[in-house]
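Please model the complete structure; the sequences and the hints are all you need to start from.
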Amino acid sequence: MEIIIPILVLGTLGLLFGLGLGIASRKFCVSTDPHLQKIISCLPGANCGACGMPGCMAFAQSLLKGEISLDRCRVVEEQSRRKLAEVLGIKLSSQLKQVAILHCSGGNRVKDRFQYNGLKDCVAVNLLLHGQKECVYGCLGFGTCQRACPFNAISMSESGLPVIDAERCRACGKCVEVCPKNLLTLAPVTSNIYVACSSHDLGRDTRTVCSVGCIACRRCEKVCPVDAIHVIDNLAVIDIDKCTACGECKKVCPTGCIRDNKFNIQEG
Amino acid sequence: MDAGTILSIIIGMVFINNFVLSKFLGLCPFLGVSRQIKPAVSMGLAVIFVMTLSALLTWLVYRFVLVPLNLIYLRTIVFILVIASFVQFVEMVVLKKSPALYRALGIYLPLITTNCAVLGVTVLNINEFFVNGKPISASFTLSLMQSFFAGVGFTLALLLMSGIRERLDLVDVPRHFSGIPIAFIVASLMSLAFMGFNGFRF
Chain V
1 MEIIIPILVL GTLGLLFGLG LGIASRKFCV STDPHLQKII SCLPGANCGA
51 CGMPGCMAFA QSLLKGEISL DRCRVVEEQS RRKLAEVLGI KLSSQLKQVA
101 ILHCSGGNRV KDRFQYNGLK DCVAVNLLLH GQKECVYGCL GFGTCQRACP
151 FNAISMSESG LPVIDAERCR ACGKCVEVCP KNLLTLAPVT SNIYVACSSH
201 DLGRDTRTVC SVGCIACRRC EKVCPVDAIH VIDNLAVIDI DKCTACGECK
251 KVCPTGCIRD NKFNIQEG
Chain U
1001 MDAGTILSII IGMVFINNFV LSKFLGLCPF LGVSRQIKPA VSMGLAVIFV
1051 MTLSALLTWL VYRFVLVPLN LIYLRTIVFI LVIASFVQFV EMVVLKKSPA
1101 LYRALGIYLP LITTNCAVLG VTVLNINEFF VNGKPISASF TLSLMQSFFA
1151 GVGFTLALLL MSGIRERLDL VDVPRHFSGI PIAFIVASLM SLAFMGFNGF
1201 RF
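Top line first, the protein sequences correspond to chains V and U. Be aware that the first sequence starts at 1, since it is given in our numbering, and climbs by one per residue. Be aware that the second sequence starts at 1001, since it is given in our numbering, and climbs by one per residue.
Do not take every clue at face value.
What the hints assert, rightly or not - Straight-line distance between alpha carbons at most 20 Å, and here's what the computed PhoX-like set of lysine-lysine pairs gives:
hint, chain 1, residue 1, chain 2, residue 2
1, U, K1097, V, K27
2, V, K27, U, K1096
3, V, K65, V, K38
4, V, K83, V, K65
5, V, K222, V, K242
6, V, K222, V, K250
Hints were generated in silico from the structure; no laboratory data involved. As the structure is a prediction and not an experimental result, all values here were calculated from the model.
So, in structure tokens, the structure goes:
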């Protein structure tokens, strides 16, 4: 008896509360908008915040209310975007998929100016005399962009440079923000010629520290049939709007810093 | 019940035996929700609300179920059951009846479900206002009042902490201390300060 009464009492209490909660959940159930569930299931759910809203849930709510444009989410995949447009009953504006590209190809080819034993972080080392590399414009190679990427699209290669997986990259812009050397930019997948150097040093100075830097020889400028590439402040810059990706500049570049970004993604 | 008793409960619960800074109960929300003033106040209000009503329910359960059946030793587990179910229920009702209030308190209610400060105050009520299983005079009112002001004390601690932490964000804290570590240090200093209230005796 001594054991049965407590068991009964506790059991009854549990049962009562359980039933009560069960009934209450029926009675007070709030019907959530089925559209909202659909929208949330289509969104990437990474809560990257690139749209400016605090997370995907908030973005979905604003989307449903029509307060925000679907284009604000740069991260969502093409397939899901179509589905979202269907759910929302809006027409899809054409938007090209973008990916991050790296404007440096130095990596291990560039020697260190000093031995750095501090925190393994690009931002930290950049605070110290603009980084340990001989080239003050180049990639420091400590992988801050890799850690910032919410989609695991960036990996550090053996040559000490980040490699961007174009398929995983959703162009959220996190890496662009964190890179202390501003080496990363977002470009539409179609513009597949880019200058893999950011050095504004004189050609001869660039040459002494890096074998693959832009030496501002202007050969690309002369050969370009559409006048899309110009050397500005000792660095070749491509005007994406004009560039037809013919590849002429790439052929003549003596250091090979003009590159073909081989995106193997089909344009959506 | 005279004015002196009431005053001693108020001062006692808010300052001398402050749940967070003297009894060290409910430290999880104290550090978790004290980043900004606004959520801290919302959390405090939610705790006051839940504490008072939990005290009401647990007092009734203790008085009319546990004592007559001689099951006083089941107190803790039964109270946890009561509080958890009650918080869940409140969450549902608030969601249905007042979505605005839910948005303000909603995320804090589940946090309160397992908040030891709530259990602490209900157990304290039983310890103080029952003698040998019999309620002392005005035991019910005293319990409610004690719980309410325990909640007020909790809110006060949270409010002070959030005020300090908002300013801490603007200060150049050494890298390895920034965030939670410095919050712990601040909490311990505040706790030391609150120990000064121990000198008050009624």
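Structure-based check of each hint:
Simply put, U:K1097 and V:K27 have alpha-carbon atoms about 11 Å apart, close enough for the 20 Å limit, and the pair holds. Simply put, V:K27 and U:K1096 have alpha-carbon atoms about 9 Å apart, close enough for the 20 Å limit, and the pair holds. About 14 Å separates the Cα atoms of V:K65 and V:K38, which keeps this hinted pair within 20 Å; it holds. The suggested pairing of V:K83 with V:K65 holds, with an alpha-carbon distance near 17 Å, which does not exceed 20 Å.
As the CA atoms of V:K222 and V:K242 are separated by approximately 15 Å, the hinted pair is consistent with the 20 Å bound. Among the hinted pairs, V:K222 with V:K250 is consistent with the structure: their alpha-carbon atoms are about 12 Å apart, no more than 20 Å.
Checked against the numbered hints above, the structure breaks none of them.
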